[in-house]
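A.B. asks: Sequence:
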Amino acid sequence: MKKEKTIAPNLLDKLEAWCSLYQLQIMMGILLVFTLFSALLFNMRVSEGGDDSTYIIRAVNFIKEGRYPSFQGPVYPMFLSLVIGVFGVNLGILKLSSFVVMLASMWGFYKVFKQRIRYSLLFATLLLASVSSYYVYFTSQTYSEGLFILLQLPVFALTFRIYDKGTNYKQLLLLSAAVLLTVMTRTIGVGVLVSVLLFFILNKRYKETLWILGGFFVLLAVVLLVKVAIWQNGFFDDGQASTLMYKHPYQMDQGKETLGGFFMRFIDNSKLYLSKHFLRMVGLRSATVLSLSSGLTLLLYGIFLFGVYKSFTKNKYLFFVGVYSAVMLGTTFVVLQKIWDQYRLITPYMPFMIMVLIYGLRQLTKLLTGKWSQYVLLALVFVSLSGSALQSFDKIDLLTLRKNLNGDLYEGYTDDWRHYLSMAEYVGKELPKESYVAVRKPNMARIYGNGKKFYGIYRFESNDADALLKRLKDRNVSHVIMASLRKNPRINNGQTINTLQRYLYVISKKYPRAIKMEHQIGKIEPAYLFRIDYEAAK
Numbered sequence: 000m001k002k003e004k005t006i007a008p009n010l011l012d013k014l015e016a017w018c019s020l021y022q023l024q025i026m027m028g029i030l031l032v033f034t035l036f037s038a039l040l041f042n043m044r045v046s047e048g049g050d051d052s053t054y055i056i057r058a059v060n061f062i063k064e065g066r067y068p069s070f071q072g073p074v075y076p077m078f079l080s081l082v083i084g085v086f087g088v089n090l091g092i093l094k095l096s097s098f099v100v101m102l103a104s105m106w107g108f109y110k111v112f113k114q115r116i117r118y119s120l121l122f123a124t125l126l127l128a129s130v131s132s133y134y135v136y137f138t139s140q141t142y143s144e145g146l147f148i149l150l151q152l153p154v155f156a157l158t159f160r161i162y163d164k165g166t167n168y169k170q171l172l173l174l175s176a177a178v179l180l181t182v183m184t185r186t187i188g189v190g191v192l193v194s195v196l197l198f199f200i201l202n203k204r205y206k207e208t209l210w211i212l213g214g215f216f217v218l219l220a221v222v223l224l225v226k227v228a229i230w231q232n233g234f235f236d237d238g239q240a241s242t243l244m245y246k247h248p249y250q251m252d253q254g255k256e257t258l259g260g261f262f263m264r265f266i267d268n269s270k271l272y273l274s275k276h277f278l279r280m281v282g283l284r285s286a287t288v289l290s291l292s293s294g295l296t297l298l299l300y301g302i303f304l305f306g307v308y309k310s311f312t313k314n315k316y317l318f319f320v321g322v323y324s325a326v327m328l329g330t331t332f333v334v335l336q337k338i339w340d341q342y343r344l345i346t347p348y349m350p351f352m353i354m355v356l357i358y359g360l361r362q363l364t365k366l367l368t369g370k371w372s373q374y375v376l377l378a379l380v381f382v383s384l385s386g387s388a389l390q391s392f393d394k395i396d397l398l399t400l401r402k403n404l405n406g407d408l409y410e411g412y413t414d415d416w417r418h419y420l421s422m423a424e425y426v427g428k429e430l431p432k433e434s435y436v437a438v439r440k441p442n443m444a445r446i447y448g449n450g451k452k453f454y455g456i457y458r459f460e461s462n463d464a465d466a467l468l469k470r471l472k473d474r475n476v477s478h479v480i481m482a483s484l485r486k487n488p489r490i491n492n493g494q495t496i497n498t499l500q501r502y503l504y505v506i507s508k509k510y511p512r513a514i515k516m517e518h519q520i521g522k523i524e525p526a527y528l529f530r531i532d533y534e535a536a537k
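Just so we're aligned: 472 in numbering that gives the first Met the number 0 is position 473 of the sequence shown, and the numbers increase by one with no gaps anywhere.
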């Protein structure tokens, strides 16, 4: 009898066999790497972006005043309120809670995807995330990204289980609830619902589709009724989503976006978030490179779409990852104004993007003869890991971390922020309790101002001195902090965010004695405290 010809396993198959054999040990190693980078890059400061301090203040308002945390989604402030209820407003503990959430999500990725995709693909994805400073950053920040990353995983787990085992009404209801949680965590969570429905529709599972959709709206109705009954708010908040319909989030007078404008958003944001931010996140572009590349964007889209196409027949779990990534990224690129330009907006989808792209490249190697293509793929992953790790090591600042842990909460800030936050602390200590101070970043000021409430001014909408003064008087504003916050955070070129400067200039031009300086902190990029003398404006 003629012997059958045996096919020797190739390099990637050998790697897969090794990963499968030592899967638990490898996963423990990845968690250790993730913990190590999280510790080395731990950041005790409040972010200059301001959203993290906003979440903290909304959590404080929720637990102390019972105020419903609207605008950006209520779930994360409610989660933070549990931590604050036990430990108080302790920045270190709040940031540690983010690490716990992110660490749990790393383990969750392993549990959800093991035995569903190749272990080598899963571990490459998690290792790339573990060494990326852009991803690890959220282990010490009170942004909602970390919790959203974790809350995505039950959606994947339940979707896979229902796809495998068929209709189970309890699990369908649980999936609807899991989707609703993501929607209530971040506005973009609506895309999670679309992704799940689209996946079941494409697989001709129409019964499950209807049950998930129906369950979602039933649960949403229950939540809204509870909200109205307890907080007496409207059913829906105008919130963050309303600003997305305008051409500019802070200049509403430019009008609402057109259909063509939304299309241009997609093109511009694709180049911005893929060719710049994503490639930085995986270590394939330097953090100093600011240029955008249409070619790299199209290349990433091509590999991604090829991976999704191949997964449709080869691996339905990866196909859902592809559908999910496409919907979430597509929605992000269409609805966001280009001005936002923040990599954190795609961070929750980073592991899924990596997963589909590596899978797409792996499928491409199967079309090529010779082992060289496999070596190229492994080399690319290695270069990505090395580049990302080197970028992360370059950001480690143990001296600043030590000073922060020893009580110097201003170390690590540039002078503009150091002086602004120091002025907020001064106001919290020195001004009378009944004083009310207007600032650019009220929630950051409140954290550093010993809990004192501040009034936020974000827009300059009038050149009428009396109208501007009336706005302050109607809100009982007694003082204004005018900072020198940089437009470009990287350099001090004299250009600052001048909303409050312009505001006070218009008033002082008509009423020069109404604005009186009381205190100054810093000589370079100083912060000023002005008192409003309403009597002098009569």
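Take these hints with a grain of salt, some might be off.
Listed below are the simulated SDA-like cross-link pairs for lysine to any residue, each with C-alpha atoms no more than 20 angstroms apart in a straight line [what the hints assert, rightly or not]:
1) Lys-13 with Val-88
2) Lys-270 with Gly-294
3) Lys-402 with Arg-417
4) Lys-469 with Gly-455
5) Lys-522 with Pro-488
6) Lys-315 with Leu-201
7) Lys-451 with Ile-116
Per label pair, the in silico range of CB-to-CB distance [claimed, not checked]:
8) Gly-329 with Leu-10: 49 to 59 angstroms
9) Arg-66 with Arg-160: 19 to 29 angstroms
10) Lys-509 with Pro-431: 41 to 51 angstroms
Read the hints as simulated data drawn from the structure, not as lab findings.
Glycine included, C-beta positions come from ideal geometry on N, C-alpha and C.
A.B. asks: Are the hints correct? Go through all of them and say.
C.D. replies: Here is how each hint holds up against the structure:
no.: 1; hint: Lys-13 with Val-88; verdict: violated (51 angstroms)
no.: 2; hint: Lys-270 with Gly-294; verdict: holds (9 angstroms)
no.: 3; hint: Lys-402 with Arg-417; verdict: holds (14 angstroms)
no.: 4; hint: Lys-469 with Gly-455; verdict: holds (15 angstroms)
no.: 5; hint: Lys-522 with Pro-488; verdict: holds (18 angstroms)
no.: 6; hint: Lys-315 with Leu-201; verdict: holds (11 angstroms)
no.: 7; hint: Lys-451 with Ile-116; verdict: violated (51 angstroms)
no.: 8; hint: Gly-329 with Leu-10: 49 to 59 angstroms; verdict: violated (35 angstroms)
no.: 9; hint: Arg-66 with Arg-160: 19 to 29 angstroms; verdict: violated (38 angstroms)
no.: 10; hint: Lys-509 with Pro-431: 41 to 51 angstroms; verdict: violated (28 angstroms)
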